[in-house]
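Below, each chain spelled out in residue letters.
Number of protein chains: 2
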Amino acid sequence: MEDLIKCHGKLEFENLAIRIVKRLEWLGTFAKDPGGGITRLLYSKQWTDTQRALKSWMETEGLKVQFDEVGNLSGVLKGQNHGETVLTGSHIDTVKNGGLYDGQYGIVAGILAIIFLKEQYGMPKRNLEVVSLAEEEGSRFPYCFWGSKNIVGSAIKKDVENLVDSNGVPFAKAMSKAGFAFREEKKAPRQDLKIFVEVHVEQGNVLENENKSVGVVKSIVGQRRFTIEVTGEANHAGTTPMNYRKDAAFAASHMIHEMLNLAKQYGEPLVATVGRIDISPNIANVVPGKAVFTLDLRHIDKHVIVHFTEAFTEKIKDISREHEVDATIEKWLDTDPVPMDPKIVEIIENHCMEKNLSYKVMHSGAGHDAQIFAPFIPTAMLFVPSHKGISHNPDEYTEPDDLAEGVKALIGTLYELAYK
Amino acid sequence: MEDLIKCHGKLEFENLAIRIVKRLEWLGTFAKDPGGGITRLLYSKQWTDTQRALKSWMETEGLKVQFDEVGNLSGVLKGQNHGETVLTGSHIDTVKNGGLYDGQYGIVAGILAIIFLKEQYGMPKRNLEVVSLAEEEGSRFPYCFWGSKNIVGSAIKKDVENLVDSNGVPFAKAMSKAGFAFREEKKAPRQDLKIFVEVHVEQGNVLENENKSVGVVKSIVGQRRFTIEVTGEANHAGTTPMNYRKDAAFAASHMIHEMLNLAKQYGEPLVATVGRIDISPNIANVVPGKAVFTLDLRHIDKHVIVHFTEAFTEKIKDISREHEVDATIEKWLDTDPVPMDPKIVEIIENHCMEKNLSYKVMHSGAGHDAQIFAPFIPTAMLFVPSHKGISHNPDEYTEPDDLAEGVKALIGTLYELAYK
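These protein sequence lines are chains A and B, in that order.
End of the first sequence sits at 420 in full-length UniProt numbering; the numbers just go up one at a time, nothing left out.
End of the second sequence sits at 420 in full-length UniProt numbering; the numbers just go up one at a time, nothing left out.
Since the hints were derived computationally from the structure, they do not count as laboratory data.
What you are looking at is a predicted structure, and each value in this text was computed from that prediction instead of being measured.
Hints are not guaranteed to be accurate.
No distinction is drawn between identical chains; accordingly, a pair holds when it is met within one copy or between any pair of copies.
Unchecked claim - Restricting the straight-line Cα-Cα distance to at most 16 Å, the calculated cross-link-like pairs of lysine to aspartate or glutamate (EDC-like) are:
| id | residue 1 | residue 2 |
| --- | --- | --- |
| 1 | Lys290 | Asp278 |
| 2 | Lys264 | Glu322 |
| 3 | Lys388 | Glu233 |
| 4 | Lys22 | Asp401 |
| 5 | Lys246 | Glu324 |
| 6 | Lys360 | Glu59 |
| 7 | Lys177 | Glu161 |
| 8 | Lys302 | Glu268 |
Only chain A is shown next, with the shape it has when bound in the complex (with noise of 0.2 Å):
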C-alpha cells in the first residue's frame, strides 16, 4: 500500500479519488448481491469477510487493530497520550442490496485520513482510531445502532436476545457463529474515547442541488413516527350514494393532503413524510372501510415537532368528524434532536473555510452512529453529496472527487482534533 497514499503539502494525495473508489469497490467484492448492489447484513458471512478484510488493511498500514467483544473493529494510530482518543468511522453493514458508499465510506476516509497523517505528521498527540462499527441499519435484526450502541455502553442485551432474523436465526447464535459474543453490561465503556467524527454520504439531495462537495452537520433531526388508522365502513361502490358513505381512503386522502400542506407551512427545515398507505379491501369497485398510513416527522428543535404534532392531531380529529369515520394515532418512534458538538462544528467550519473547500452547515435528516456517540462524547459529522439523494440503493453513488474532498475535510478535522 505504500504507493497508496502520495502527500504533496497541500492535503493532495495523488489519485485520492480513484484510490478511495477502488477501496469502496474492493470491500463491495465480499458482499456482492445477485439480486444487486452489495448486502452485508450482521454477523453474515459477507459481513465477516469484509470486517476480516479491512483487518488485514489496517494490519498492513501499520495500525493496532483489534475486534471488541460483539465485532466492533478498531484500528489505532497510537498517540503521546495512550488515555485519549479521537474516534473516527462508520458502520460497515448495509440494507439488503444496498449501494457502495453508505456506511463503508466513512471507514474508507478514516483509514485513509489517518494513514495520510501518520505519513505526513508522525505520531499524534491523542490516539487516532478508524473503527468499522459492526451494525447501524437494523437490516438483519430489528434494531439499530448495535455497534456504537456497545462502544458507549448503552446496547442492553435483553432488547436483542429474543430477536430473529428472517430466517428464524436467533441473534445469539448469529453472534457466536461469527465469533463474538455479548459485551459485559456491568462493565464500564471505553474511558479514553474523547472524540467521535463521523464520514457519511448525505442520502439526500441538499449538497447536489446546492453544488456543494462537504456539508457540515451542526444537528441530527429528532423523529416521530405515527400509525394513523382510520375507520370507515365498507360498502358497494355502486349501491351506496355518497352522502350514506363513511369512505376510509376519502378521509385519509383528506387529512394527508391536509396534513403534508400544512407541513410546507411550517417551512424547512421540518420534513413530513406518508410513506406508507395501506388501504382494506383494496378492491376498485369497494368504498374503503379501513385506511391505515404513517406519518415520519423530523426537525431539529424537539418544540416544533411537539407543536405539529398538535396541529395535525387537530387536523385529523376535525376531517374524522367531517368524514363520519373514526381515527386513531399511535405514535411508535420518538427520538430528540441531536446536537453536534459546536466547538468541533466550528473547527471544521473554519478547516473549511482556510483550504476553500464548497462546504455547507447543515442539519442530517437521517439517523447515524454520531447521535448515539453525542450524548457521551463531543461529537462531529461530515457529509458528501448523495447523487439525486439517492440511498439503501445499488445505484448510491457520488462524485469521487466529492470523496476525495471528504476525506480531505476529515484529514483536517483529525489534524486539528488530534495533533493540536
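We have chain A; now place chain B onto it with these hints.
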C-alpha cells in the same frame, strides 16, 4: 310442497317469509364454505349439486324443467300461447364466501311466485319461466354474465376458452366436467322470450335508510373504471427537504381528495369510489415514488359520466403540475347506462301502489343480469333491502318480511305480464 302455498286472496301466503328463508338456507346447504358463508363457483361441485336440487324442487312443483347447453336451468309453466315467454329468475353462482341472498333469492322468488300464480290462477296466457342462471359474478373465471349472455346469444366462446381459474383449470374443462358444452354460436337465440323480470337484493343501503321494502329499478347505471398512476421520485424521508420532493403519495392524496369532493358537488346519483390505492415502495421512512389508484365512476346518464371524466382529468393534470409528478389515466371499463323498460316499470309501480307496498323507484348502482337482457327484450328489476348495504359477504341479510314483500311484488308483476 302442497302445504307451502296457501292463498288468502290478497297475495298472502301463510308463513311466506319463513318459507323463503327456509328455501334460501336449504340452497345454502349445498355450498356451505368452511371459511364462512357460501361459495358456489360456476361448474363446481357445489354449483352442480345446487342446480340438481333446484331441478328436483321445480319438477316436484310441476314445472317443465330443462338445462340449456351451458347450464342455465329453467322451469316452465306453460301458457296458452306457447310462443311467448315471460322470464324471471337470477344467478345461482356466488362470490367466494358470499351470502344467502345475492342471486339465489331471485330464483327462489321466481319459483314461489310461479307456484303461487299457478295455484291461484291456473294456466297463464304466456309461458311463465323461472331461470337459475349459470353465472353472473365472474368469481371463478374472469368473465361475468356467462349465463344471461348465452341466453341472449351475446356470449362469445373465444372470450372464455383461454380462461383458467385460480387452480389453473381451463374454462372448457370445468364446463364439460359439469356436463355442459359451448352453445353453437351460429344458432339463433330463443325467440319466445318476450320479457325478463329479475328480483335481487339491493346490495346498497338506500331502501333500508328510507325504510322501504321494495325497490322498482328504472335504470342500471353506466360505469367507467380508471387506473391512475402517479410517478414521482422515491427519496429518503429525512434527508429530502419538502421543496425538493416529487412525492407521489402527496400528489395522489391531493387528487383523490379533490376528485371525490368534485363527485359530491355533482350530487346524486353520481358515485365515485377510489377503492384501491397502492403506494411504492410503501415504507414509512421513504418518500413514495409511485402511487397507483383506481376510480370507479357510475351514473345513470352517460353525459354526466363523460363530463365528470373530463373534469377530473383536468384536475389530475393541474395537480400533477403542482407536485411535479407525472400521471397517466387508463380507462379499463366503460359500460353504458341501461334503462329498464318504462312500460313494465309503470306496471310494477302501479301494482305496488295498488297493493299498498312500501316501495321506491330507484336506479341500480350495481350490474345485474337484467342489463344483459335489456338490449334484447323489455326488462325490469325489483330490489329488496340489504341490511347495512352489506353484500358479497356471509353477513348479507334481508329482513324476512322484506323478502316476502319482494315476492309479492313479483307475483303481481308476473300476473300483469303473463295473465292479462
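Evaluated hints:
no.: 1; hint: Lys290 with Asp278; result: both (8 Å within a copy, 14 Å between copies)
no.: 2; hint: Lys264 with Glu322; result: between (23 Å within a copy, 13 Å between copies)
no.: 3; hint: Lys388 with Glu233; result: between (41 Å within a copy, 10 Å between copies)
no.: 4; hint: Lys22 with Asp401; result: within (13 Å within a copy, 81 Å between copies)
no.: 5; hint: Lys246 with Glu324; result: within (6 Å within a copy, 31 Å between copies)
no.: 6; hint: Lys360 with Glu59; result: neither (35 Å within a copy, 88 Å between copies)
no.: 7; hint: Lys177 with Glu161; result: within (14 Å within a copy, 56 Å between copies)
no.: 8; hint: Lys302 with Glu268; result: within (14 Å within a copy, 47 Å between copies)
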